[in-house]
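*Asks:* Here is how the chains run, residue by residue.
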Amino acid sequence: MSLLELKSIVVRYGEIEAVDGVSLVVEAGEVVTLLGSNGAGKSTTLRAISGLAKPASGDILLEGQSIVGLRPEEIVRRGIAQVPEGRRVFPGLSVRENIMLGASNRRGLKKSEIRREADEMFDLFPDIRRFADALGWTLSGGQQQMVAVARGLMAKPRILLLDEPSLGLAPVIVQAVFAIIAEIRRRGTTVLLVEQNARMGLSVADRGYVLETGKLVLSGTPTQLWSNEEIRAAYLGGRAAVA
Amino acid sequence: MDLALQLLFTGIGIGSVYALVALGFVLIFRATNVVNFAQGEFSMLAAFLMVVFSVKVGLPYWLAFIVALMGMALLGAVFNLAVYYPLRHRTYLPVIISTIGASIFLANTTLAIHGPEPEVLSGWFDTPGFLLGPVYLDSQYLLIIAVTAILVALQYWFFEHTLLGKKLQATSQDKEMASLLGIPVATMIMVTFVYSAVIGGIAGILVAPVLFVSIGMGAAIALKAFAATIIGGFGDVTGAIIGGLALGVIETFGAAYISVPYKDGFAFLVLIAFLIFRPQGIFGERVAEKA
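Here the protein sequences line up with chains A and B, keeping their order. Okay, so the first sequence: first residue is 1 according to UniProt numbering, each after it adds one. Okay, so the second sequence: first residue is 1 according to UniProt numbering, each after it adds one.
Hint data in this document are derived by calculation from the structure and do not stem from the laboratory. All values reported here derive from a predicted model rather than from experimental measurement. A hint or two may mislead.
Said to hold, decoys possible - Pairs of lysine-lysine, BS3-like flavour, derived with a Cα cap of 25 Å:
#, chain 1, residue 1, chain 2, residue 2
1, B, 175, A, 156
2, B, 175, A, 110
3, A, 110, A, 156
4, A, 54, B, 56
Take these sequences, add in the hints, and give me the full structure.
*Replies:* Structure, rendered in structure tokens:
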């Protein structure tokens, strides 16, 4: 049984089908990358998984159990944590508080335990350790991305959904963020990654899917995807190189 | 100088009431992005509940106080479910209209049940007050100031040092993100409404012995408290408290030194001045950054 399985998901915004019959699987321990240009339906797919968007039809299974229709609070309690697009760090809370709140889905933890775990998180993200007491809004985009990922990991998720972690970051910061994703993978956390930056997105992936105007057009290992001429031209060529 | 000290005491006393009601405004605004125009009715209803339990039923004062506040907690919960919750996915406008409707409903229901005549509620203490040097300290005003100080301190501790306080802050800053972390957003908003109804109620019961208990008292207090939140900077807790205190002091001094009939006018003069020259309020910048 797959850890996560999407079966012919359709998500509509009004009359528009943002996601039109997407099926994919993520196995335990894998890093799977969902590629596609702006508006292809990548973020909407993640929002459907985390419960922020309701699919009009189709099913989403976590270890064989349907999670469609559950509230986001319940879905994260079952082990799916999302680091959303735009990072969404709480601006008025400190970095440590932001990270601590990542454990809100786990019950019965003492505040002192959560605080200790949050401080241990800084071993994985040494760049933000010195900002532990700074308010969220004072950080740069790259630092906020680190906070957002650390906060996601605090949920101890069975699967971590990462939505465009490279968006709006300088190339050197993008490298740092992906080094962390590689480390997360090494530690055995399953990741479903959404990216426009195909080069970076595939560099850490076991498998990839390509989404185009709401439909899956291609899937395979990074090597297979690289070898596809159309895909190279559309996603791995000009635009991706700029990003 | 003696008169000024006396006025300062009275001003801070009445300003504390505005600050408490303003705090209710700010907390609900931060949790739901909507101004609750029924906040003043919470104060009015609590004062009437206090009259019912203390004067009509004859409970001891402290017990009547607790029962009235329990009633307010229940009202806050029902208010959330009936007035806010069904509209939570809509824009702010339907919700604001809904709170205005609730305000009219609460005031007129009280009128229908109780009738229009005002009630008198005695103060908490039998001693009306005492002289400290040149200043006469009214015992009810002392109580108002002390309770406000304690509530503000408790609230600071709660928001800064407890996990639940942090979850409430997170909910007020980004509801969708809070729900993605597993924070029960609906429960957090429920807690906010219950707490706002209770502190609005405390303000109403404390100020009742100073004013008459009347149907119109809620609207009168709420208008001042609303002005206080704008002066302080909308959505800012510290601003609401300082704005409330400042308004109380300004109107008390204005009444004493300039004109008694225009007492209410001074508060709104200050409000208009702020709207023209500093619409973001004293602590406005932080709100702008948050948006």
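*Asks:* Now tell me if each hint is right for this structure.
*Replies:* Going down the list of hints, with the structure as the test:
1. B:175 to A:156: holds, 21 Å
2. B:175 to A:110: With Cα atoms ~24 Å apart, residue 175 of chain B and residue 110 of chain A stay inside 25 Å; holds.
3. A:110 to A:156: holds, 16 Å
4. A:54 to B:56: violated, 53 Å
Comparing the model with each earlier hint shows a violation of hint 4 alone; every other hint is respected.
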